[in-house]
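> Residue-level listing of the chains:
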Amino acid sequence: MKILPIKIENLSYTIKDSEILKNINIFSDEKKITIIAGNNGSGKTTLLKFMHGLIEDPSNSISWGSNSIREIKEQQSMVFQTPILLNRTTFENILYVAKKKKVNKKHSVNKIIEKLNLESISNTDARYLSGGEKQKVAIAMSIIGNPTIIFLDEPTSQLDPVYKNEIESIISELSKDGTKIFMTSHDISQIKRIGEEIIFLDKGEIIFNGKLLEFLDQDISNVIKNYISYG
Amino acid sequence: MLSNILETAFHLIFTLNKDLIEIISLSLKVTISALVISVIISIPFGAFLVLYRNKLQSMVILISNTLMGMPPVVLGLIIYTLVSKRGIFGFLDILYTPSAMIVAQTLLITPIVVSLTYEEIYKKYKDYYLFLNSLNLSNFSKLKTLIYECRYALITVTLTGFGRASAEVGAVMIVGGNINHFTRVMTTAIAFETSKGSIELAVALGLILILISFMITLIIKSLRKIK
Chain A
18 MKILPIKIEN
28 LSYTIKDSEI
38 LKNINIFSDE
48 KKITIIAGNN
58 GSGKTTLLKF
68 MHGLIEDPSN
78 SISWGSNSIR
88 EIKEQQSMVF
98 QTPILLNRTT
108 FENILYVAKK
118 KKVNKKHSVN
128 KIIEKLNLES
138 ISNTDARYLS
148 GGEKQKVAIA
158 MSIIGNPTII
168 FLDEPTSQLD
178 PVYKNEIESI
188 ISELSKDGTK
198 IFMTSHDISQ
208 IKRIGEEIIF
218 LDKGEIIFNG
228 KLLEFLDQDI
238 SNVIKNYISY
248 G
Chain B
2 MLSNILETAF
12 HLIFTLNKDL
22 IEIISLSLKV
32 TISALVISVI
42 ISIPFGAFLV
52 LYRNKLQSMV
62 ILISNTLMGM
72 PPVVLGLIIY
82 TLVSKRGIFG
92 FLDILYTPSA
102 MIVAQTLLIT
112 PIVVSLTYEE
122 IYKKYKDYYL
132 FLNSLNLSNF
142 SKLKTLIYEC
152 RYALITVTLT
162 GFGRASAEVG
172 AVMIVGGNIN
182 HFTRVMTTAI
192 AFETSKGSIE
202 LAVALGLILI
212 LISFMITLII
222 KSLRKIK
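In order, the protein sequence lines correspond to chains A and B. Sequential numbering from 18 applies to the first sequence in the numbering used here. Sequential numbering from 2 applies to the second sequence in the numbering used here.
Be careful, since some hints might not be right.
[Said to hold, decoys possible] Cut-off 20 Å, straight-line C-alpha distance, at most; resulting in silico cross-link-like pairs (DMTMM-like, lysine to aspartate or glutamate): (1) A:Lys-193 to A:Glu-183; (2) A:Lys-117 to B:Asp-128; (3) A:Lys-117 to B:Glu-8; (4) B:Lys-226 to A:Asp-34; (5) A:Lys-49 to A:Glu-150; (6) B:Lys-143 to A:Glu-73; (7) A:Lys-116 to B:Glu-8; (8) B:Lys-143 to A:Glu-109.
[Unchecked claim] Examples of chain A residues toward chain B, derived with CB under 8 Å: (9) Leu-71; (10) Glu-88; (11) Gln-92; (12) Val-114.
Honestly, the hints are just simulated from the structure, not real lab data. All C-beta atoms in this analysis are idealised placements derived from N, C-alpha and C, irrespective of residue type, glycine included.
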């Protein structure tokens with residue numbers, strides 16, 4: 018199923034007279050890491066939720082190739098800022114998603130555990146994992162079944178540099194393997210390290226949409242200039 | 002005097018007095034039957050209410066919370082009028098039978114189990130909302146996951162229902178009639194034996210009730226630790 022290009026046309030979203038997203042237009046046709054950047058409250062997570070279908074889009078502003086969100090939902094997965102795990106062991110958490118995605122269950126789970134070096138915590142209850150370990154398990158759960166698109170909502174914002182580095186490597190590797198990544202971040206050094214395409218939001222509006230190098234050279238907006246220099 | 006009463010009460014318990022055992026068996030039979038029926042209805046229903054949030058659901062929860070505080074004697078009276086010879090369910094002919102007592106206890110604990118189940122599952126659903134929707138699961142699949150994830154909390158809810166049902170007097174007295182060797186359960190027997198001055202059997206039954214209550218508390222406490 019063809020999932021690219023992703024097209025978002027005139028997407029706006031208002032809650033109680035407050036405009037969260039204003040006339041969003043996005044066109045992306047490359048399987049690269051797209052970073053959705055912006056300051057707190059700029060609408061990054063809301064945009065990601067729209068793209069993943071967690072917020073209903075009554076105007077059908079979003080299309081993936083020639084498909085609607087509903088048609089390709091099975092091929093998407095999402096990792097949340099605060100990892101959401103079931104009260105089960107690491108293995109059982111990944112197995113749960115494998116079952117729901119109807120993939121070759123135990124074999125696939127073991128492969129993912131090996132790929133992400135989760136063997137030592139395979140039988141540990143999710144409640145006893147550290148923040149970094151939880152996020153790695155959440156990523157493992159998101160990649161089982163080989164989704165073609167993964168959304169990551171600030172996956173490293175609460176992690177120390179070691180885990181941050183490890184998770185960034187996983188994300189880069191997934192992208193190299195052909196997975197389209199959409200990731201929110203407000204960490205400029207992280208954006209420089211792994212970002213390829215940048216969408217910059219300010220108060221719900223896109224004020225930049227292009228390549229990383231162009232973004233870093235941008236002199237059109239004080240918001241971006243401040244963002245880069247303070248980051 | 003108290004030591005004599007306690008001595009006789011313990012004697013009744015340890016010699017497995019026939020009347021005592023009969024009353025305890027009937028009590029457990031009635032309470033467990035009511036509990037099973039109530040849990041089968043209430044847990045899926047409580048979970049269903051979480052997933053299908055609308056105006057009707059708010060009303061059901063409001064009614065359920067109101068019924069939680071309903072005096073058992075009033076409930077007993079309502080069931081009495083319904084199942085008595087002139088009532089609309091009079092044809093069932095269950096007044097003054099264990100079946101009527103099961104109905105009373107089921108109706109008594111169902112609002113409690115529904116409300117507590119709703120609360121537990123609602124809390125969990127708030128935590129898992131994004132995750133479950135991200136996986137694009139059907140509502141049935143979400144329901145199964147939520148019930149499984151709340152399993153320890155729901156056992157606690159079930160035990161709360163058991164505790165409430167086993168301690169009930171008013172409703173089962175009205176619809177059961179406290180008939181010896183037929184509808185006499187622990188609570189009605191305690192009330193009856195005390196009123197006629199035969200306090201030893203009442204104390205023995207009271208001790209058993211305290212023991213059951215203690216065991217339930219112990220299990221709930223252990224489950225909370227696991228949770």
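> Each hint: holds or not?
Hint check:
no. : hint                   : verdict
1   : A:Lys-193 to A:Glu-183 : holds, 15 Å
2   : A:Lys-117 to B:Asp-128 : holds, 19 Å
3   : A:Lys-117 to B:Glu-8   : violated, 61 Å
4   : B:Lys-226 to A:Asp-34  : violated, 45 Å
5   : A:Lys-49 to A:Glu-150  : violated, 26 Å
6   : B:Lys-143 to A:Glu-73  : holds, 18 Å
7   : A:Lys-116 to B:Glu-8   : violated, 60 Å
8   : B:Lys-143 to A:Glu-109 : holds, 17 Å
9   : Leu-71                 : holds, 6 Å
10  : Glu-88                 : violated, 11 Å
11  : Gln-92                 : violated, 10 Å
12  : Val-114                : holds, 7 Å
Hints 3, 4, 5, 7, 10, 11 from the list above are not met by this structure, while the remaining hints are.
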